[in-house]
Amino acid sequence: MNFNYFWAMPNKETFKIKPIKDILEKVTSNQDLRIIDPFAKRKHEFALLTNDINENNDTHFNECASIFLQRFEDNSVDLILFDPPYSLRQVKECYDKIGNSLTHEESKTFFSNIKNIISKKLKKGGLVISFGWSSVGMGRSRGFDKIELNLICHGGNHNDTIMLMEVKS
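Position in the sequence shown (first residue = 1) + 70 = our numbering.
Simulated from the structure, these hints should not be mistaken for lab results. Among these hints, one or two may not hold up.
Result set (BS3-like, lysine-lysine): computed pairs, CA atoms no more than 25 Å apart in a straight line [as the list claims (entries may be wrong)]:
| hint | residue 1 | residue 2 |
| --- | --- | --- |
| 1 | Lys113 | Lys193 |
| 2 | Lys185 | Lys113 |
| 3 | Lys113 | Lys178 |
| 4 | Lys178 | Lys91 |
| 5 | Lys216 | Lys96 |
| 6 | Lys82 | Lys185 |
| 7 | Lys86 | Lys113 |
| 8 | Lys193 | Lys91 |
| 9 | Lys96 | Lys86 |
| 10 | Lys88 | Lys113 |
| 11 | Lys185 | Lys216 |
| 12 | Lys216 | Lys193 |
| 13 | Lys216 | Lys91 |
| 14 | Lys113 | Lys82 |
| 15 | Lys216 | Lys190 |
| 16 | Lys216 | Lys88 |
| 17 | Lys96 | Lys113 |
| 18 | Lys96 | Lys82 |
| 19 | Lys96 | Lys194 |
| 20 | Lys194 | Lys216 |
| 21 | Lys178 | Lys194 |
| 22 | Lys190 | Lys178 |
| 23 | Lys86 | Lys216 |
| 24 | Lys96 | Lys178 |
Computed from a predicted model, the values in this text were never measured in an experiment.
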């Protein structure tokens, strides 16, 4: 596994953080790839189709990520950008903004349920790029191998952003 360390200013729009943007430009440059982003917050140049649960956000779809992912046939997606809310507190804030409440059950299974669906939709040899404060990623139990870990330090009191690339074996 490759490991890279960067320093960059924080940005609430993850894909505008310079080292992340530079890496995504390289990885997503093949126009033939079917690339999706179930937690996009906005349309961007890196994904063919974007989604966000908040109807006020400018994305191709405004659905719960699990419903958006079900639109795709199993083993049909080349690359998934997985940039969900980084903590349960952030998930709750997203739900609160749209007038929904996060159930106790959802709070226990939110991330694992989405990862299970992603593992079905991605082609063998496909790539998941996960962003967050954890390097857990998709995991071996779902059939993924970690190939690159990028740690982006933001300095001061900011949490680092972890960018993990995994391939479906």
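Hints versus structure:
no., hint, in the structure
1, Lys113 - Lys193, "holds, 23 Å"
2, Lys185 - Lys113, "holds, 22 Å"
3, Lys113 - Lys178, "violated, 29 Å"
4, Lys178 - Lys91, "violated, 31 Å"
5, Lys216 - Lys96, "holds, 18 Å"
6, Lys82 - Lys185, "holds, 23 Å"
7, Lys86 - Lys113, "holds, 13 Å"
8, Lys193 - Lys91, "holds, 24 Å"
9, Lys96 - Lys86, "holds, 14 Å"
10, Lys88 - Lys113, "holds, 18 Å"
11, Lys185 - Lys216, "holds, 15 Å"
12, Lys216 - Lys193, "holds, 16 Å"
13, Lys216 - Lys91, "holds, 20 Å"
14, Lys113 - Lys82, "holds, 15 Å"
15, Lys216 - Lys190, "holds, 17 Å"
16, Lys216 - Lys88, "holds, 22 Å"
17, Lys96 - Lys113, "holds, 18 Å"
18, Lys96 - Lys82, "holds, 21 Å"
19, Lys96 - Lys194, "holds, 21 Å"
20, Lys194 - Lys216, "holds, 14 Å"
21, Lys178 - Lys194, "violated, 28 Å"
22, Lys190 - Lys178, "holds, 21 Å"
23, Lys86 - Lys216, "holds, 23 Å"
24, Lys96 - Lys178, "violated, 35 Å"
Consistency note: the structure conflicts with the earlier hints numbered 3, 4, 21, 24.
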